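Q: Each chain, written out:
There are 2 protein chains.
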Amino acid sequence: MKKMIFTLLHLSPPPPPPPLAYNIFSFTSHHNHHHLTKTLIPLSRFSLSRRFFGSLNRATPAMDAKESSATDLKRPREEEAADNGSAAVASMETENGDQTKEPACFSTVIPGWFSEMSPMWPGEAHSLKVEKVLFQGKSDYQDVIVFQSATYGKVLVLDGVIQLTERDECAYQEMITHLPLCSIPNPKKVLVIGGGDGGVLREVARHPSVEHIDMCEIDKMVVDVSKQFFPDVAIGYEDPRVNLVIGDGVAFLKNAAEGSYDAVIVDSSDPIGPAKELFEKPFFQSVARALRPGGVVCTQAESLWLHMDIIEDIVSNCREIFKGSVNYAWTSVPTYPSGVIGFMLCSTEGPEVDFKHPLNPIDESSSKSNGPLKFYNAEIHSAAFCLPSFAKKVIESKAN
Amino acid sequence: MKKMIFTLLHLSPPPPPPPLAYNIFSFTSHHNHHHLTKTLIPLSRFSLSRRFFGSLNRATPAMDAKESSATDLKRPREEEAADNGSAAVASMETENGDQTKEPACFSTVIPGWFSEMSPMWPGEAHSLKVEKVLFQGKSDYQDVIVFQSATYGKVLVLDGVIQLTERDECAYQEMITHLPLCSIPNPKKVLVIGGGDGGVLREVARHPSVEHIDMCEIDKMVVDVSKQFFPDVAIGYEDPRVNLVIGDGVAFLKNAAEGSYDAVIVDSSDPIGPAKELFEKPFFQSVARALRPGGVVCTQAESLWLHMDIIEDIVSNCREIFKGSVNYAWTSVPTYPSGVIGFMLCSTEGPEVDFKHPLNPIDESSSKSNGPLKFYNAEIHSAAFCLPSFAKKVIESKAN
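Sequence order for the protein chains is F and U. Taking our numbering, I'd label the letters of the first sequence as residues 19 to 418. Taking our numbering, I'd label the letters of the second sequence as residues 19 to 418.
One or more of the hints may lead you astray.
Which copy is meant is left open, so a pair is good if it fits within one copy or across any two.
As the list claims (entries may be wrong) - With a cut-off of at most 27 angstroms between alpha-carbon atoms, the simulated DSS-like pairs for lysine-lysine come out as follows:
hint : residue 1 : residue 2
1    : Lys299    : Lys374
2    : Lys150    : Lys294
3    : Lys410    : Lys374
4    : Lys411    : Lys392
5    : Lys411    : Lys374
6    : Lys416    : Lys392
7    : Lys411    : Lys341
Don't read these hints as lab results, they were simulated from the structure. Everything numeric in this text was worked out from a predicted model, so none of it was measured.
Bound conformation, chain F alone (with noise of 0.2 angstroms):
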């Protein structure tokens, strides 16, 4: 899961939900991408009415909210909407025959289809077809959405932006675990901040020497439906090694004892909005104090065709907190915005880690419960470290 909300470590009660950021269909400014950071506009400048989301709040936020929600999204054939195009917008036949609005995050795009749209990759927009509505809820953090795809399985999205596909999950889970953990001998003892559809814990413990993984997700909510509707994802949760704890990530790892963990995976959302923190050097800094010496940390660290600017500052920070290496690696998820995520992947100063020679392989045969490897392999993991040149230039000048 590539979206995790942290809550702001000064604040008491849960924050407000944080602004409804998706189907927004205009920007004031067009982002030069090469000066994303100068740009950025935080999304609460982006007034929607609540009217707009107001069949989202219609769903309670618990667990038999699925009944509830669940909707079939039958309607007149598209070819049909097409060639009568804004009559199709505003309606839609549920299960029982009623029409009703359909629900506004899925019509304004196009009838019956999801959209994903955001400030941070202005001009665009990626769309899937739905099938089924499974569940709409709104939790103390955010809007969840769970809906059967066409073409892509189930999909979680939260806030607006898609976190997983079943036809394309393995990518992201699979590279964002084992890039670290193949590069480490041993690894003991994992925590994991965010990631609370358990993908990430599912792959954590392929490892037989892991022993303990510590995990910390802020939404209760993202659990219980990725239980409830990604079994397979959230089979991670399953494991006996997991202590799962419900809680602000950036506190757990400033309480969290020095040098304690062999490795870190954050697994945040992008950085505007809450986890803006998580991009910055404090943060950076409490990961560099709770890992040993030679430890590792992999965070989710953007689009190099979307957010270079955005990159290149990570870089420079983790350069200045982590005195082991230093690197970028990415890979390709269908779903995500521009088709590519990256990861930074840094170790504190101690063993060295050359991370683009993986020494600790996956044993297939101690991990048959949850399935084989789907898109993570030994070359595969080195070949993620090789960048476009227009990218190589910019992180190897701050890197080194």
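Knowing the structure of chain F, use the given hints to seat chain U on it.
A: Just chain U now, with coordinates in the frame of chain F:
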């Protein structure tokens, strides 16, 4: 350029324009992507009213259509469109203030956006925000559109499918060219099939050993449009080694002297519709015949995420025909479906070719006029052959 339309050999007049395949809103069957070749539906089965594309036909296909068809997509602010969705779909304002029906291909999905949908990738769509339509024409073979996008620069669209954007064309052009040419010593004679935008020519021209470049593109309009709107791509045509033939690539290859090329680059469209032949044995046989012993071919080979069954068949065919080596490589191109595109790289019997370890680096200093490489380097060359486990299993079983 990914797309090239070929005539069928036995047709002497130009074939009717291919059925229009974009902005199709429905698929009657839900393809299982593991069995795609079995369920592919010919484009002609999708009947779309001409009205739907009426506005495309208004523009004359001549080059001076630029002025008459250029249209600012100045519109009511789009948050208003979102609040009042149905009303916003149908109308737009032109430069001189008239209200007019928005060109159908832009209006039916997201007002003011271009959306790419195809039976080749059912259930998903990628959309780009349109700033201005720069050209719309209809050649003997296809619909040609050029628009200025909000965040991807100028975009070339053929029959509704994005062929290149200024922002990410480097990845495709550099990889499809340098993967083959950097894998053999001193390539001298090169054939490009398709690639009417000139980008592959631009890249071939970086190799000082090359003495002659034949290029066979069927659609002169694509060449002309590229020269007018994409000068940084079409700069390839300025190289004096280029011999451009406007014609049918299949016929050109059949008439080529046996053993005459060091390398053939096939910049083709998808294997449904007229380019179907290019993914079948007879075509690969004529490529093999035209290559010298130990000569190489690189051909566009779809997406690992979307088209494994097609890829499996291509690999089987190539394994039968190319007695040297047979390899699959892939790279990231954000505006192609699933964010990746693959390449088949094969060599004929003769001096051994190890595609994974390039031996003919590009001398950057010799090609200053074409600008520096943006994407390709020797590391990313080798990395392109590292496949995810799900694909590796299938491809290696067919390739060996």
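Q: Does each hint fit the structure? Answer for all of them.
A: Each hint tested on the structure:
Proximity of Lys299 and Lys374 under a CA criterion of 27 angstroms is satisfied intra-copy only: 24 angstroms inside one chain copy versus 39 angstroms between copies. Within a single copy, Lys150 and Lys294 get their C-alpha atoms no closer than 33 angstroms, and across copies no closer than 34 angstroms, so neither meets the 27 angstroms cut-off. Taking CA atoms no more than 27 angstroms apart as the test, Lys410 paired with Lys374 passes in both settings, with 15 angstroms inside one copy and 20 angstroms between copies. Proximity of Lys411 to Lys392 under the C-alpha cut-off of 27 angstroms is restricted to the inter-copy arrangement: shortest distance 10 angstroms between copies versus 31 angstroms within a copy.
Proximity of Lys411 and Lys374 under a CA criterion of 27 angstroms is satisfied in both settings, with 18 angstroms inside one chain copy and 23 angstroms between copies. In this assembly of identical chains, the alpha carbons of Lys416 and Lys392 lie at most 27 angstroms apart only when taken from different copies (18 angstroms versus 33 angstroms within one copy). In this assembly of identical chains, Lys411 and Lys341 lie within 27 angstroms of each other by CA distance solely inside one copy; the values are 21 angstroms within and 39 angstroms between copies.
Checked against the numbered hints given earlier, the structure breaks only hint 2 and satisfies all the rest.
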